[in-house]
Every structure is written in C-alpha cells, then in structure tokens.
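Engineer: Could you slot chain B onto chain A? The hints should help.
Protein chains: 2
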Amino acid sequence: MAAKNPTACLLVIGNEVLSGRTRDANIQFLAVGLGERGIPLREVRVIPDVPETIINTVNEVRAKFDYVFTTGGIGPTHDDITSECVAAAFGVPWEPHPIAWPRMEAAYKPGEFNAARQRMATMPRGSALIENTISVAPGFQIGNVYVMAGVPRIMQSMWEWLSPRLEGGQKIEMRTVHAMGLPEGIIAEDLGAVQKRYPDLDIGSYPFYRASGNGVALVAKGPDAAMAEAAIAEITQMIVHHGKVPLQGEPPDV
Amino acid sequence: MAAKNPTACLLVIGNEVLSGRTRDANIQFLAVGLGERGIPLREVRVIPDVPETIINTVNEVRAKFDYVFTTGGIGPTHDDITSECVAAAFGVPWEPHPIAWPRMEAAYKPGEFNAARQRMATMPRGSALIENTISVAPGFQIGNVYVMAGVPRIMQSMWEWLSPRLEGGQKIEMRTVHAMGLPEGIIAEDLGAVQKRYPDLDIGSYPFYRASGNGVALVAKGPDAAMAEAAIAEITQMIVHHGKVPLQGEPPDV
Chain A
0 MAAKNPTACL LVIGNEVLSG RTRDANIQFL AVGLGERGIP LREVRVIPDV PETIINTVNE
60 VRAKFDYVFT TGGIGPTHDD ITSECVAAAF GVPWEPHPIA WPRMEAAYKP GEFNAARQRM
120 ATMPRGSALI ENTISVAPGF QIGNVYVMAG VPRIMQSMWE WLSPRLEGGQ KIEMRTVHAM
180 GLPEGIIAED LGAVQKRYPD LDIGSYPFYR ASGNGVALVA KGPDAAMAEA AIAEITQMIV
240 HHGKVPLQGE PPDV
Chain B
0 MAAKNPTACL LVIGNEVLSG RTRDANIQFL AVGLGERGIP LREVRVIPDV PETIINTVNE
60 VRAKFDYVFT TGGIGPTHDD ITSECVAAAF GVPWEPHPIA WPRMEAAYKP GEFNAARQRM
120 ATMPRGSALI ENTISVAPGF QIGNVYVMAG VPRIMQSMWE WLSPRLEGGQ KIEMRTVHAM
180 GLPEGIIAED LGAVQKRYPD LDIGSYPFYR ASGNGVALVA KGPDAAMAEA AIAEITQMIV
240 HHGKVPLQGE PPDV
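Protein chains in written order, with numbering that gives the first Met the number 0: chain A, 0 to 253; chain B, 0 to 253.
Hints are computed from structural coordinates only; laboratory data are not their basis.
Keep in mind that this is a model prediction, so the values were computed, not measured.
Each residue gets a CB set at the ideal place from its N, CA and C atoms; glycine is no exception.
Incorrect hints may have been included.
Only some residues are given here: those of chain A computed to face chain B with a beta carbon under 10 Å [unchecked claim]:
| hint | residue |
| --- | --- |
| 1 | 5 |
| 2 | 31 |
| 3 | 41 |
| 4 | 161 |
| 5 | 201 |
| 6 | 220 |
Per the computed footprint, the stretches of chain B lying under chain A, defined by three or more beta-carbons under 8 Å from a beta-carbon of chain A, are [said to hold, decoys possible]:
| hint | segment |
| --- | --- |
| 7 | 14-27 |
| 8 | 76-86 |
Keeping only pairs whose Cα atoms sit at most 27 Å apart, straight-line, the calculated DSSO-like set for lysine-lysine is [claimed, not checked]:
| hint | chain 1 | residue 1 | chain 2 | residue 2 |
| --- | --- | --- | --- | --- |
| 9 | A | 3 | A | 63 |
| 10 | B | 63 | B | 3 |
| 11 | B | 170 | B | 243 |
| 12 | A | 3 | A | 243 |
| 13 | B | 63 | B | 170 |
| 14 | A | 63 | B | 63 |
| 15 | B | 3 | B | 195 |
| 16 | B | 108 | A | 108 |
| 17 | A | 243 | B | 108 |
So that you can see chain A by itself, here it is in the shape it has in the complex (with noise of 0.2 Å):
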C-alpha cells in the first residue's frame, strides 16, 4: 500500500451559489485538479458571506483535513471579506501585504489605487502569494489554508501555479465501463461482492436517464491502477453475463 494520501476540504465562499444566482463551476475543477495530484478532495462546504460563518468554518476544517482551499470573496467589494476572516480564523492581523501591496500600487494609474483595491492588498500578516496571469490581485496562502479567486478563469489561472507547489500523494486512477439498459437493481448485488474483492477501490454505480437511452457508469478509483483495471474487468464480465454490451469510455451522448 502507498503512503496514506492528503486531504483536501473546499470551501465555496458566496450568497450568489447559495442563491441560485450562479452555478458553481469551481468544484469540478478542484475535484479533478486535486484528484490528478493525490489529494482527494473530501468535503466541499458553500457558505456564505457571513463573517462568523467563515471564520468557525475555516476554525473547523482546517483542523480536519490536510488541506483547506477557498474560492471567493478575495475582490474589492464590500461582500468580499474571505480575506479579513481568514486572519480572524488564524487571529493574526490584517495587513498590507509586502509584497502584494507595491506591486497592486504600481499597476493602477495615480489615484486609482483607492481604498477597495487596497483591500486585495492586504491579507493575513504571514501569508504567502498565489500568483495568477489573469488579475493583478494575487491570492495567498497562510498554515494549509489556500484563498482564491472566485471567478473561474482566475480561480484556474491561480490552480495552474499553485498545483505543482502542493505536496501531493499518489494519483488517483479511475476506471470506468457504461452499460446501457442494465438496471442497477439487477448488478447491485455483484458488484457490492466486487467492492467485497477490492477492499482498497472505491467502487460506484451511477445510473444515468438520456434521449438515445438509459445505463448505468460503473467506476472503479483508488491510487492503483492495475488493480481498478482488474475490478472493470470483472464489472465488465458481469454485463456480459446479464446479456448487456459493455462501452468503454464514455457512453455516445455525453
């Protein structure tokens, strides 16, 4: 067996994915980029901007897990307080950043470095940069709690430098077979005795409902990769063996 992987715990920091305003487009990615370096993601919290909420929530998790990421409330406005609450989590002050701070100065004209940018240049006294290509706001790193942009394509500009830094552990594999017209109440019970077999894969059956028809995902992960091959493969008899044509990769209409 491999070392024991790092976890990682998500906050999503906002009213508008509370709201319905927005759809989360952060989880996913995280959850994939996380997955790719080892460090299954574990728990996902959305919450909202609400400074007691951040800071008993970042209190919390970071005790728990290996690693915290934060996506949201790092702007100017005045609903973007992940910053000031994650000093309060820490109880560290909340000051300008040396590094942060000049460079923001130097990038505005003279006089638009007003008071609301100054806040995306003061942070956590101890804090460390995430850098990104897409803003001049940097996020930044204190103990193993990451805080980062909330929009997307910032969020994933700062996963790009950031991800290569991160100790991560053995990659997790997944596998996959889809079936098409295969109830799951009809495999269920050969497949928990493939779980049974694989003590050490994680193994998921996920039904889906389309146009072109119905099926089920049968997945296998863990951090060996021959070893979720051989559980598909076993997955993969047993469709046969119910008369059903295993698909490899995705199913046509994904």
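Structural biologist: Just chain B, lined up with the frame of chain A:
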C-alpha cells in the same frame, strides 16, 4: 418586516461529485426552488459515502437549520447508504416501509424485487414518502430531513411534488443590473454605501469575463421587491455616473 424566513441546508451525498466524475446539477436547482418558496439555502455540504460522516453531518445540520435536504445515495447498490445512515442519525430502526414496500413489490415481476431493490423500500421508522413520477422508488421525510434522489430528473420530480407541501416564508426577490467595462474597484465604495442604506437587502457584485467583454453584475436580493428595485435604481444611477451604460436583465451572451 416579514416574519423570519425558515432556513435550509443541502447535503449532496456522493463520492462522484467529490472525485469530479460528476458535475453537480442539484445545488443550483434547489437553491432557486427554495428561494421561490421563501426558504433561503444557507449552506451546502458535499460529503462522501462514509457512514460516520453522513450520520454526524445529518445530526449537526438538522439541529442548526429549519430544513435539511439531501440528494444522492438512495439507490439499490452497496454505495447507496443515505437511508440507513439517516435512520442511525435519528436513532430509529431501518425497516420495510409500510407503503413503499408493497408498492415496489407489486411493480416488479415475480422474483425481481430482489434484496438490492428491497433496500430502496427500507426506510427509517416513521418516514413519510416523497413521491416522484420517474422512478418507482420514492424519497422520504423524517423530522426536518428530506431525503431525495441524486439523479437530477428524479430529484426534480420529487421537488415538484414536495415544494408546495413545505411551509415557506416570503419569496426572496432578486433584481439585477449589468454594466460592461466597469471595474468593481471603481464602484466598490458607492456600492458599499448602498448596502449600508439598505441593511435588509443583500447587495452583491459579480464580475464576469466573456469573449464579448468584461463587466459586472450587480444584484439586490430580499423579501421586499420594491426595496430591491429602489436599490437597483440607485445602482443604475451609479453606473451612469461612471459613464457606462446600464443593462437591465441578463447581458447578451449569458
């Protein structure tokens, strides 16, 4: 002021969202639906198919919020453990449901109501059913916890049945104005002043970056539509004052 609106928490239960295999489609749907019923969504947690995590989380959030909704983990396979975990959270037996069991038994051909499918008719003692028109397997409610399917179209059918039966509050009204080419940093101060003048509203600022240009969406939310409209009128004047053209409704390429 209206009576205080009831609050909601959503638990998205399933490894497939945490691994990035699936992009969740239920958060936004329920966020909008709950807002329309005047039950603002205050927190979302995405948690894995791990019994201890599900049980502890259900107990934590059902004490904290008026309503708890769950999606996922009520199918027939070994990783569908939401139902038995909710029974454990409430400390009640997990047993054949007096309505769901005979109904599902009758829906299958003789011999096809197997052990896996029987799991879908097994629920916490005292549960009331949540009906749907897609699948023969219902969801259920116990206390303030509403357990629904994870497959979006089944969940949506359950919500359609459930929504008018919930005791809601005043609908949350949302008004929006957009401005192209207006940086948040320029309007942040004025916007904060609007928020201060309307403490009963939730004023949000959401930058967007699109091929057709960058801009910002400015949103006012609250139970009082006239108040939200008044705030948006002030914000619209701000946009004009900064030399930009306010766009009502959605920008062209959303």
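Engineer: Taking the hints in turn, state whether each one holds.
Structural biologist: Status of each hint after checking the structure:
1. Restraint check, residue 5/A versus chain B: the minimum CB separation of about 15 Å is more than 10 Å; hint violated.
2. Here the hint on residue 31/A is kept, as its CB sits about 4 Å from the closest CB of chain B, short of 10 Å.
3. Nearest Cβ of chain B to the Cβ of residue 41/A: about 6 Å, under the 10 Å cut. The hint holds.
4. Look at residue 161/A: its Cβ only gets to about 17 Å from chain B, farther than 10 Å, so that hint breaks.
5. Given the 10 Å rule on beta carbons, the hint for residue 201/A holds: about 6 Å separates it from the nearest Cβ of chain B.
6. Checking residue 220/A against chain B: minimum C-beta separation of about 6 Å stays under 10 Å; hint holds.
7. By the rule of at least three residues with a Cβ nearer than 8 Å to a Cβ of chain A, the coverage given for the segment 14-27 of chain B holds, with 12 such residues.
8. Restraint check on the segment 76-86 of chain B versus chain A: 3 residues with Cβ-Cβ distances below 8 Å, three needed, restraint holds.
9. The straight-line distance between the Cα atoms of residue 3/A and residue 63/A is roughly 15 Å, inside the 27 Å bound, and the hint therefore holds.
10. Between residue 63/B and residue 3/B the alpha-carbon distance is near 15 Å, which keeps this suggested pair within the 27 Å criterion.
11. Note on residue 170/B and residue 243/B: the hinted pairing is violated, with a Cα-Cα distance of about 32 Å set against a maximum of 27 Å.
12. A distance of roughly 38 Å separates the Cα atoms of residue 3/A and residue 243/A; the hinted pair therefore is violated under the 27 Å criterion.
13. For the hint linking residue 63/B to residue 170/B, the alpha-carbon distance of about 21 Å falls within 27 Å, and the restraint holds.
14. At most 27 Å may separate the alpha-carbon atoms for a hinted pair to count; residue 63/A and residue 63/B meet this at roughly 20 Å.
15. Of the pairs offered as hints, the one joining residue 3/B and residue 195/B holds, with about 20 Å between alpha carbons and a cut-off of 27 Å not exceeded.
16. For the suggested pair residue 108/B and residue 108/A, the alpha carbons sit about 75 Å apart, so the restraint of at most 27 Å is broken.
17. Among the hinted pairs, residue 243/A with residue 108/B is consistent with the structure: their alpha-carbon atoms are about 20 Å apart, no more than 27 Å.
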